[in-house]
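As a plain string of letters, each chain reads:
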Amino acid sequence: MPKRTDLQTILILGSGPIQIGQAAEFDYSGTQALKALKKEGYRVVLVNSNPATIMTDPDLADATYLEALTPEFVRKVIEKERPDALLPTLGGQTALNLAMELHANGTLAEFGVELIGANAEAIHKGEDREAFQAAMRKIGVETARGKMVHSLEEAVEYQKELGLPVVIRPSFTLGGTGGGIAHTYEDFLRITEGGLRDSPVHSVLLEESILGWKEYELEVMRDHADTVVIITSIENFDPMGVHTGDSITVAPAQTLSDVEYQRLRDQSLAIIREIGVDTGGSNIQFAVNPDNGRVIVIEMNPRVSRSSALASKATGFPIAKIAALLAVGYHLDELPNDITRVTPAAFEPTIDYVVTKIPRFAFEKFPGSSDALGTQMRSVGEVMAIGRTFKESVQKALRSIEADVRGAFAEMGVEELRGLLYGNPRRIEAVLELLRRGEGVQALHDATKIDRWFLSQLQEIVAAERELLDLGPIQSWKYEVWREVKRLGFSDARIGELVGLSELEVRALRKAAKATPVYKTVDTCAAEFEAYTPYHYSTYEWEDEVKATDKPKVVILGSGPNRIGQGVEFDYATVHAVWALQEAGFETIMVNSNPETVSTDYDTADRLYFEPLTFEDVMNIVEHEKPVGVIVQLGGQTPLKLAKKLAEAGAPILGTSPETIHQAEDRASFNALCERLGLPQPRGKVAETPAQALALAAELGFPLMARPSYVLGGRAMRTVHSLEELSAYLSEVYAAVEGQPSILLDQFLEGALELDVDLLCDGKRAVVAGVMEHVEAAGVHSGDSACVLPPVSLSPDLLERVKRDTERLALELGVKGLMNVQWAVKDGVAYILEANPRASRTVPFVSKAVHHPLAKSAARIAVGHTLEQIGFTETPAPNLYAVKEVHLPFLKFAGVLPILGPEMKSTGESMGLDTDPYLAFYRAALGAKSHLPLSGTALLLGEGLDEVAATLEGAGLRVLREQEGDTLPDLLVDVTASPLLRAALERGVPIVSTREGAVWTAKAIAAAQGRELGVRSLQEWQRGAGADASS
Amino acid sequence: MIRKERAILALEDGTVYRGYAFGHRGETVGEVVFNTSMTGYQEIMTDPSYNGQIVTITYPHVGNYGVAIYDMESNKPYVRGFISREFSGEYSNHRAQQSLEAFMQQYGVVSIQGIDTRALVRRLRSGGVVKGVIAHRSFTHPEDPYGEFTPAEEQVYVQRARDHQDIDGHDMTREVTTALPYAFPTLRHGKRVVLMDFGIKHTIIERLAEVGIEPIVVPAHTTPAQIMALQPHGLFLSNGPGDPAPLEYAHRTAWELMGLLPTFGICLGHQILGLAAGGKTFKMKFGHRGGNQPVKNLLTGNVEITSQNHGYAVDIESIPDGAFVATHVNLNDGTLEGMAHSRYPVFSVQYHPEASPGPHDSRYLFDRFIEEIDAFDGADGSPVVKAVAGRLGV
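Going line by line, the protein sequences match chains G and H. Position 420 of the first sequence, counting from 1, maps to 420 under this note's numbering, and the rest follow consecutively. Position 73 of the second sequence, counting from 1, maps to 73 under this note's numbering, and the rest follow consecutively.
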């Protein structure tokens, strides 16, 4: 059946701020869906509060609403836009839950909006544990023995049947929030109680333990004609017990015979049919008992998921795009496979390589939380690597993750290493190190339950490390020896470590032996058909499939795995660069290792290399492609730190030069520059040793801001008030950070107002794009502070001066592209804190606030366009206030107090737009899922909150200055960092932990009181239109 | 392991792939083809349809889950050689009884690994299937298995590949069909069906038995009279290796029995039916071998993901008088995947509904066969003939 013509307007819901369990993959899926539906001629409306995403780019949807993903706001959008259909399966759990709410409260029926992709009944059957279990019983698919309980009493009763350990899964929560495995009765009580609380429907599933079983996922697609295909199978390296999002996973399944695989396939087909997902992708998870093959289905997601994104990248099959097209009526056999062009999408991809995904964690930012992995997801990002064998693939993935612990592990004792075999982020490295020490596969299997096949593959890597020392001096290695060594996935750096040479020396010897990588194609069909899609990976074989072209080419380096401080906003910037350079007539080449992103979609750049972002892998591509240049300034710290080495090896770096980058990042040269330009700076010193740090601190006086050099996201940054605090800090830093970084000590401007300034400079002209005023005062990392653009509390003179000084600095540095400068204003003086001559985290936010695509302009500047040609010669004067608020992941890190500091902890952000700054803040807070109350009780703890109290009382809230018994308020403002913050957070009460935040919150509540907030699309803001803007 | 015993794959076109020895040490020659299934190497090796062929598995790891007696599709491997990017030394699976290498050594399967199998597949895709030789260094130079073959030695193997008899025009089923008829003591009930064995896979027999058929397997040369003497309710023409054109005795048998018995053919059996009806078959460039081939059922409109293994195909247009009509087509290349007789209860598919390895989407065909058998004596006529007439307007 061709596409439906009875639909004109389709509403798509995004997933809101990036959070653990729901990250950039939904930007990828939403972007694919928007592009596909728009191309089919539908009018597409999008609601998503997250400005850092590519999907919220005003060019992608016909109407883009940066509004909170709440039933109230989406209802307003529906009322205004009158969509014919809502596609709820591409925005993660958030979109699915929201669609269910809109269905339940009658909004969809009222406005005649049809749910397409998955109907309410299917969503319920897939998501509700009891309904799911009943459905599985009906089709004879086994589930773990278990029962849904709705109270602690019921739980205690059922646990007697199950014994221990028990798995506890709350209903309808993200990434398994609140769930866990209880090994003791006390744990059982604690986790069950928490799960009942976190579940929006207050129920949890108690299940028999299947810890240590093999874990698999199948990605399934179905169309209206009931054609069902499996896109790929995925096998978890980490067996059951570790959330699949936190597991190392491998595609396709490695240790299943055909008989066993077909059993999973048969069950998957039966499940998707029984659940009744009409069209699109679903993800089904299975556990397989390694001793007897017993299969248990764990769960199914009736929507596109993180695993779908991985499956898309792993196979080349664009799941989200196809899901969107199936939702509007197409059948799989009517859609072409883009890659082969001649064959239809109704097929099952077969691959001729191995894909490994490794998650990335951020435990170091949450001291005190255990890194033991369980059923609740806590990774913040992931990398994927492609190799022809598992050994090559896993070694590429390990070097993509940018968290090398091998050196540290090499110094540990065997017992200590054995102590790291529980499920934790570094387990695979502990396994490798123990194999090096001679530990056997069986012993490691007994300790970890990791399948013996995976362990034996790792053992082969370790054996090769030893064997390569017996192959004669490396200088004598012939091509074939090199090829066999490199085929195992060893990097030049690692080979160098083993033989005692530098990476560059190894590289030179390797190239002299003509051992350079070839590039193979990801084609969905194992080369059975000719592939047209330029999606490649390196390996060491003998046929290269990438034909040289003679067009001018630019290589754009992506940002690698998402992490706190380096997230989807850098993907936004690099994708925009691709688009801008394509328009400017260049062939664009993307290099990235992050499967969650739009940048690694094969139809974003002209050519995609899915490769680790290391010097070796990038330089190989540069030598292979011979581009006119490489863009490193848009992907965050990961590509930036390669700049110098790439330049020295002869890669032309476009835009801001590595020398300028160094000049801005090197403390001494930056201080000298500021002095020359007469820019006030907080007094600061650089200490090379701990002793020197203490001496300099005494000289500078306290409070001080201390941090190691060259880090992103405020990692290991702290305010210290005394010599004792500083000593404690120093010993922590040297234990945690690789190498011996120098320590920067700066006078801390307590209570100062911070500013973030983003600017474009073409070398001749510099133009500030936007100035953001932080809500939180100095001392809170800029990435964690809410901010407002334009500023509301700066005098015009001071604002002008900050702009002028920022522009002067950029010109002096010779910036060619973007720069972000942070300022602190205290007592009428603006002090410069730091300058980063690269795309900052705020680029997408500012671009949307000032209606100018900054990253596109930066890319154009990099290839020689001037600001005049671009048409950006003045700071835009926006017709609105834009507020950014952040989402913090504290809930996932048990026992951590949810307070802000100089170390960045937020995972994502929301944006609120309004003509009133406080209403913009209110919208942004809602968008960040902080549901500020307009009535009820506010509890205010701490000094200096009188104004806040008055404002809130004026807005009609009941204000308490101390807690009444055990009851929790509807809003908690606590500037004393008391444990009540944690308790309130866990019970879903909005919390505010800073005085400045409290002031804004109170004013926002007051402003929103009695107001009917309208909705206005980004496109309307841009045109200056939109009759029913709020205020 | 970085250093491994050497081996080469020499193709008749002069290409030599230098890799490493695996399996039984020796030398082998055959037609080089590729299969894109990611699981099921043991089923592929033991499928008699691969008689005479050296099979390249495109998935780069083979042997991961070992070998299990339950996964045999016949009594032994029939592939002439096996090619993989990497064979696993270690295996892990609760069903496994031995390693793939031990299995190969037990049955004398000569294999090669470590070559750029993707390059080889691209070569086969663009140039078509070719004959090739796998030669192990340790077989000819046991004193120096790690050394390289000289160019002259390599040329000898290229010549050996060229000199090898083509599969085309030869009856490859003689080597794989049963010598004597046999039945199954445990399957003595249900409708009796004669299975003409051109190289039948065990799973086909299992699937037929599952729907209530009593199978009697007979040699390929069994005459129509001999078959009818067994008083069967139906006839089944099995899969098998090689070119269907030279099997004239089988075409004759099928032609003589056409209309007398409900008949179902799979793969080679399907081709034999096409030839029996006066049609033609042709050799495909590189065939269909894998577990992901999309087939559209023209009678229902459904798409099935199928398991396939064939190098020849029936040209439906060449069958005179529209005796057979297409019921299934391949969505990738439009080739014929299934047909049904317009008057008789005779139908066949080019692909493998019994799968093994591969998806189980097409098992309904076995149900359909038993329905034909059940309907044959009744007054209502053949369901398939009616379906074809109804849906295709024949």
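The set of hints was computed from the structure by calculation and includes no laboratory data. Glycine is no exception: its CB is placed at the ideal position from the N, C-alpha and C atoms. Check the hints yourself; a few may be wrong.
Listed below are several chain G residues computed to face chain H (Cβ distance under 7 Å; list not exhaustive) [as the list claims (entries may be wrong)]:
#1 Q254
#2 R388
#3 T389
Each hint, compared with the structure:
The beta carbon of Q254/G comes within 5 Å of a beta carbon in chain H, closer than 7 Å, and the hint placing it at the interface holds. Interface restraint check: R388/G against chain H, minimum CB-CB distance 5 Å, threshold 7 Å, status holds. Taking 7 Å as the C-beta cut-off, the interface hint given for T389/G holds, the closest approach to chain H being about 5 Å.
Violated hints: none; the structure is consistent with every hint.
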